[in-house]
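Following the hints, position chains U, D and G against chain L.
Number of protein chains: 4
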Amino acid sequence: MGKNLKALRQEIDDINLSILDLINKRTLLLQQIGKLKDEYSMEYFDTEREAKMLENIFNHNRGPLYNELVKDIFNSIFSSSLKYMGITREKKLLVSSKSQEKFKTIREIFDLPDDSPIIVAGPCAVENIEYLEKIARFLRDKNIRFIRAGAYKPRTSPYDFQGMREDGLKILHDVAKEYQLYTITEVVDTRDVELVSKYVDVLQIGARNMQNFELLKEAGRSTRPVLLKRGISATIQELMCAAEYVVVNGNRNVILCERGIRTFETKTRNTLDISAVPIIKKETGLPIIVDLSHSLGRKDIIKSIACAVLAAEADGIMVEVHPYPELALSDSKQQLNLEEFDDLLSSINRNVNVLK
Amino acid sequence: MGKNLKALRQEIDDINLSILDLINKRTLLLQQIGKLKDEYSMEYFDTEREAKMLENIFNHNRGPLYNELVKDIFNSIFSSSLKYMGITREKKLLVSSKSQEKFKTIREIFDLPDDSPIIVAGPCAVENIEYLEKIARFLRDKNIRFIRAGAYKPRTSPYDFQGMREDGLKILHDVAKEYQLYTITEVVDTRDVELVSKYVDVLQIGARNMQNFELLKEAGRSTRPVLLKRGISATIQELMCAAEYVVVNGNRNVILCERGIRTFETKTRNTLDISAVPIIKKETGLPIIVDLSHSLGRKDIIKSIACAVLAAEADGIMVEVHPYPELALSDSKQQLNLEEFDDLLSSINRNVNVLK
Amino acid sequence: MGKNLKALRQEIDDINLSILDLINKRTLLLQQIGKLKDEYSMEYFDTEREAKMLENIFNHNRGPLYNELVKDIFNSIFSSSLKYMGITREKKLLVSSKSQEKFKTIREIFDLPDDSPIIVAGPCAVENIEYLEKIARFLRDKNIRFIRAGAYKPRTSPYDFQGMREDGLKILHDVAKEYQLYTITEVVDTRDVELVSKYVDVLQIGARNMQNFELLKEAGRSTRPVLLKRGISATIQELMCAAEYVVVNGNRNVILCERGIRTFETKTRNTLDISAVPIIKKETGLPIIVDLSHSLGRKDIIKSIACAVLAAEADGIMVEVHPYPELALSDSKQQLNLEEFDDLLSSINRNVNVLK
Amino acid sequence: MGKNLKALRQEIDDINLSILDLINKRTLLLQQIGKLKDEYSMEYFDTEREAKMLENIFNHNRGPLYNELVKDIFNSIFSSSLKYMGITREKKLLVSSKSQEKFKTIREIFDLPDDSPIIVAGPCAVENIEYLEKIARFLRDKNIRFIRAGAYKPRTSPYDFQGMREDGLKILHDVAKEYQLYTITEVVDTRDVELVSKYVDVLQIGARNMQNFELLKEAGRSTRPVLLKRGISATIQELMCAAEYVVVNGNRNVILCERGIRTFETKTRNTLDISAVPIIKKETGLPIIVDLSHSLGRKDIIKSIACAVLAAEADGIMVEVHPYPELALSDSKQQLNLEEFDDLLSSINRNVNVLK
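Line by line, the protein sequences give chains L, U, D and G. So for the first sequence, UniProt numbering puts the first residue at 1; every next one is plus one. So for the second sequence, UniProt numbering puts the first residue at 1; every next one is plus one. So for the third sequence, UniProt numbering puts the first residue at 1; every next one is plus one. So for the fourth sequence, UniProt numbering puts the first residue at 1; every next one is plus one.
Hint data in this document are derived by calculation from the structure and do not stem from the laboratory. Do not take every clue at face value.
Pairs involving identical chains hold if they fit within one copy or between any two copies, as the list cannot separate such chains.
Here are the simulated EDC-like cross-link-like pairs (lysine to aspartate or glutamate), alpha carbons at most 20 Å apart as the crow flies [unchecked claim]:
(1) K83 / D72
(2) K25 / D14
(3) K83 / E68
(4) K52 / D13
(5) K98 / E68
(6) K25 / D13
(7) K52 / D21
(8) K37 / E11
Quick caveat, the model's predicted, so the values are computed rather than measured.
If we strip away everything but chain L, and leave its shape as in the complex, we get (with noise of 0.2 Å):
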């Protein structure tokens, strides 16, 4: 054992060499493989065809290298040979902006024609025709398109209001059409997806739903547009792979919405992740709006975080208005009244007449 440092070095780099003329050869080798796959319209990744190799690798390993770490080099091997040939390891999400799909913008799913930003305001609740009419006809009147209250309210205790299901749907139905508004409301279950889909425009699935993946799928199946909120502790991946349950079932009309993660922060309800706004405009292909009302849970801030949330890029901005906040049946603290609304309005105008 004579051999001194320089020499043994001399000789591992060698070895590198040589092993990087085999992960070259190899890679042309997939080159072809790649070329037969086309042909045949295979797929690239196979899960089989690597376990098998590395059975076959396992089987001459005469060592001293352990199996459990010639698995890892080889691992590495898989995937950059996988990379090389524009291929992850995961099967390429639908949403993601690196697949080829193409989805539609929130005015191409409604055919709308300027590009201000998309406002989609209402009640938490549907809780009255009268009130649901004032809001309607204010919307209405600031040529604002999209209305929002809820029929079926998911809420943390059973003894809290929990919604007026059918009736609600019917009064939201009515006053929407009179007023010539789009309708958006949650659905709670997947055996509500077909009888909502009758009255609303838009199905939306609350963060508490995020993961209900029987009703994603369910929404996956229906013809309208589904509005997707991120889950309070979501990811932002989880969230695209929530929105990918929807689509490949069928369903590429999803509006993704941003609506506060649950952090140790008081002063806000949640804490409005803003970073998601650009991430999803980058990462997939799909629109995404906030909800200010939820993230924020406060009112007095909701101009500046409005015109924060636009410059980011959000597609549009949701908020709760109610004509009377202070006598509403949910979420009575956060609700903006007509007059702040049409506050928030004029800010949301200013900023965005300038920087067109």
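Frame of chain L, contents of chains U, D and G only:
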């Protein structure tokens, strides 16, 4: 205004005592009202009446104290009176230990003889009959009574293994029957509750569905006991309210399950909130078990934590066991093999025998 | 006890009005006391006096209401009275916008002419004079006035690069002098405040030291403005209290810095809490800037977020810039190169010009 | 290009085996280098050498695989080799259980006889001599050896009680001497380490200062054992690195302390991360105790959690005890009175006697 500080303070002290006198008189009147209400079985707490009292007070307020501040004071008077009468402002939860309700222990629900801790074990998912039999035989040999295995798997990505569905239910049912085990499986859709109830003994509501209130209601209408897991970012209070949805709908056999919450720590999959165990025991009448596998996501500390959890007086533990974890279709890293599971059982038995 | 419900309720209403009368009389007396206290410059809020009043009340309480509930009511009376007098229970923070204190804007502190947003840029750490000169020249050419660079680097591991210490301070000082820039650098030890103050214009207190109260006090005794970064898990309230430590010790030039909080989201290094910006503007008299690099930990969304942050009315932004980020000794992934930084500046200018 | 899929795959399999052969040969060479390095006491891990190997490989790479992907593969080869040699990529922490370092247990540090769990008790703060004597006498009577009390109190608000400082140190020292107790107190400033070391036996570094690295270094230069508390949002890994700062500066007697982390749960003050206990025991050579009072912030579950923590093999517990908690100047709600503390001790003794 020649009065000095001392004199003014004396006047205030006198007023304080007059107020004291009035609120005690007020309480005496409330006692009489309480008796009347008991006779006629009326609700103690009456929002409308409170609103009317406030209205009357506001109408008579000539200041200088603003109505808003007057309201704060009277709200505190109303709430202290109600507390005195033993009624909290919120409708008391049935599951609360303060209610008069009695709930069965896990042993009482299943009519089990001894009082060693409940152990629930089994694979993440039903994959085939051979694996499940292997585990079932092992459980029976170890005198363990509960097997768990998922037939419907809620998975973050739609491309991950989604479970064998009804075929899985059948396998689970047949194997458990042969080895005389109680079965636990997750139900993920309101439409499946009836079907799943036909095959298994305990309906599991998973963490992602803890606030799927329609599913909770449906489970509440079932005759099967419900194992309700805490959501990864649900507070203990929210877990209690979720249980209330099941109980108020008629199903009193709810077993809670702590399974870790989402935090910034990365050395465990989730952060096991061990304080939840004694808090649930103190503040509710319901049993609670701990899912060690999902809390920890690693096997090397499972023995220490199992002992800790039982020392904190959990009613039992749940753990994922698979004959060949490295081949499992999901959660392969956190499932124990049979040998590791046996080792865990020995640790527990050593501690429990000693503690008795 | 033949009284019926209606009669009993009437009696309660009468008592309510008597209480109302007494609490208004009480308030009148407090107004007189307030005037006396103003004359003699005494504190309005006096815990000892409250304790004595309660003691007196308890001594006279013959029930049926328990002392504990009586205490709740009187606490609410005390606190409403104080609110009426314009005094919150907690000693008012000097930094609070409710105090009478006026603080300088960043432009006022440094006597800068125009009102475009403040931009602070520079490398994570001082590494050598060449790099720093390159950046300094670029900043001067772009009319940016603030350069940041760390000489003392608080690092998670003792084996990571800890900064050039005094040598770094000298380089920073000399380069900034040549290019006429204001310098910002972190101070990490009470013993270094004096030394660091000799070399740089602004003392930065980093996120990890936000509750190093001794360092805050020492910075409060310095004449240098202080840039105080929010801790990764500090609430906005805690940040305000930390600033108070500096201000109450005599240094009124505090600039706050939002830099993201620790959450479960992994697509960004931390979660930028954009709501903190308008909340700080509303609830304190202090300026606030946003550190984009540490909030995001990625470069590809920095333009969108910079615009969002300024739309939310932040006073400025801070961003890490390095001539060769891939060679940087720390934070290499999040530092912009000069070209990327130039691109960011163009985006900002486009938006800001438009907004003016 | 007439080759078919099967033939191409065969070629790839052959290349795989050639690579396998080369990485095993490479490992044999590394073994020889390892021996050489052992002879000359050289570091195994050598970043510079890795950088040179990569440079050489890049210089020879003719594609088609891009350098970036080649780098991924070779990084995995380097890291597997190092793992084989028993060396992780990061410089091994001294505190890691993988290092060869041996650390003393708490009993060894203080030369204590029996092996019952360590109990540290005392008031939040030194307030006066009478209170402290009362506690000290009680501790001595119960055969408890460690008293804790703060003389320097890091408080969120500058207007809260900040501790008696040196006067407090003197009282603590004198009382402890009389009752033959070891003392633990927090140090919050690098400039105080020497002074505090004169008066007390153990220097506590509090949660807020866990990443006050200058303080850690100074404590590392002290001869007093250090009790290092985990920060409220620090990961276990960060806690280990913080301990490393003390150890690498020369002080090997570090006792870690889990005290709860900041989460969204509100029923406890912080969320006790019980998994940290077995993880620290497994992954480091250092002792760990649990601060029950700060983790929980409530007294009613302290007995259950104390037993849980000891079952998880913590070396001890810390608990706040005060003769008159309701009069305490800080943390009054979470401090046990002497009777409650006695009750806790009985619970622990019952469990520990049984477990032995």
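Structure-based check of all given hints:
no.	hint	verdict
1	K83 / D72	both (16 Å within a copy, 11 Å between copies)
2	K25 / D14	both (17 Å within a copy, 11 Å between copies)
3	K83 / E68	between (23 Å within a copy, 10 Å between copies)
4	K52 / D13	between (30 Å within a copy, 10 Å between copies)
5	K98 / E68	between (32 Å within a copy, 19 Å between copies)
6	K25 / D13	both (19 Å within a copy, 12 Å between copies)
7	K52 / D21	between (23 Å within a copy, 18 Å between copies)
8	K37 / E11	between (39 Å within a copy, 17 Å between copies)
Checked against the numbered hints given earlier, this structure breaks none of them.
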